[in-house]
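Model the full assembly from the supplied sequences, consistent with the hints where possible.
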Amino acid sequence: MRLVLIGLVAGTFSSLFGVGGGIVIVPLLILVAAFGTREATATSLGAIVITALAGVTLYAARGKVDVPYAMLVGLPAMGGALIGSAAQKRISGRALTLAFSALLAAIGVWLIAG
Amino acid sequence: MSTTTIVLALGLGLAAGVMSGLFGVGGGILFVPALVALGLGQVEASATSLLAVVPTAAVGTWRQARYGNLRVRPALLIGVASIVGVEIGVQVATSLPEDVLRRLFGVLLLAVATQLAWRARRRPRELP
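Those protein sequences? They're chains G and D, same order as listed. Residues in the first sequence are numbered consecutively from 19, following our numbering. Residues in the second sequence are numbered consecutively from 752, following our numbering.
Derived from the structure by calculation, the hints contain no laboratory data. Just so it is clear, the structure is predicted and the values come from calculations on it, not from any experiment. Backbone N, C-alpha and C fix where the C-beta goes; we use that ideal spot for every residue, glycine too. All clues given are correct.
Examples of chain D residues toward chain G, derived with CB under 7 Å:
| hint | residue |
| --- | --- |
| 1 | Ala767 |
| 2 | Gly778 |
| 3 | Phe782 |
| 4 | Glu795 |
| 5 | Thr807 |
| 6 | Gln815 |
| 7 | Pro825 |
| 8 | Leu828 |
Label-pair ranges, simulated between beta-carbon atoms:
| hint | chain 1 | residue 1 | chain 2 | residue 2 | range |
| --- | --- | --- | --- | --- | --- |
| 9 | D | Ile757 | G | Val22 | 37 to 45 Å |
| 10 | G | Ala124 | D | Gly819 | 33 to 41 Å |
| 11 | D | Ala788 | G | Ala113 | 23 to 31 Å |
As structure tokens, this is what we get:
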């Protein structure tokens with residue numbers, strides 16, 4: 019039952035913002051369903067495949083999905099993610115994370131003000 | 752679509768992927784602003800981002816399953832239950848004015864930025 023509720027919340031969040039929903043699923047699995055961090059992250063990814071597929075299907079039915087753009091951004095991102103997670107072990111640092119956090123905040127302000 | 756746009760899209764995609772791998776955030780949170788920067792509306796950016804999220808999450812799931820971290824039944828249960836929520840989210844996203852949705856997404860980015868900064872602050876000092 020808890021998992022069903024997590025799914026409902028995550029699904030709404032995911033399609034509303036165009037994100038996978040891991041930001042919601044991972045902490046909820048840890049706090050509400052007593053998952054360990056690794057299990058929560060992995061299980062969240064598995065759920066996201068279904069959630070994102072559902073989102074794409076429902077948005078595509080409304081003509082909102084731009085397939086060429088998804089491929090142009092998504093395909094290099096898959097390669098980039100492999101590079102990023104391999105590099106993570108070597109260059110994980112507080113300064114870098116704080117810089118990234120500042121970048122996200124700047125984009126957030128740009129979207130709010132723009 | 753011009754050559755400049757294509758090169759820019761490829762570059763933004765690569766950068767989004769590297770950052771998501773480096774910092775453990777999902778791709779979508781970076782795809783959406785990248786797509787908005789490329790000129791898509793907020794709803795189109797969300798919808799298109801989700802298509803780019805599918806293969807990324809599938810590859811991640813496959814890797815995690817090999818590590819033995821994936822719990823299949825909870826993942827399926829959450830995923831299937833999420834479909835109802837997805838329909839609600841799509842309804843809300845398509846009925847909200849675009850600029851409201853864009854600002855809400857901006858607030859989400861600020862929240863994630865805060866969470867990351869908090870995590871970095873709490874991380875023990877032995878890391879270089």
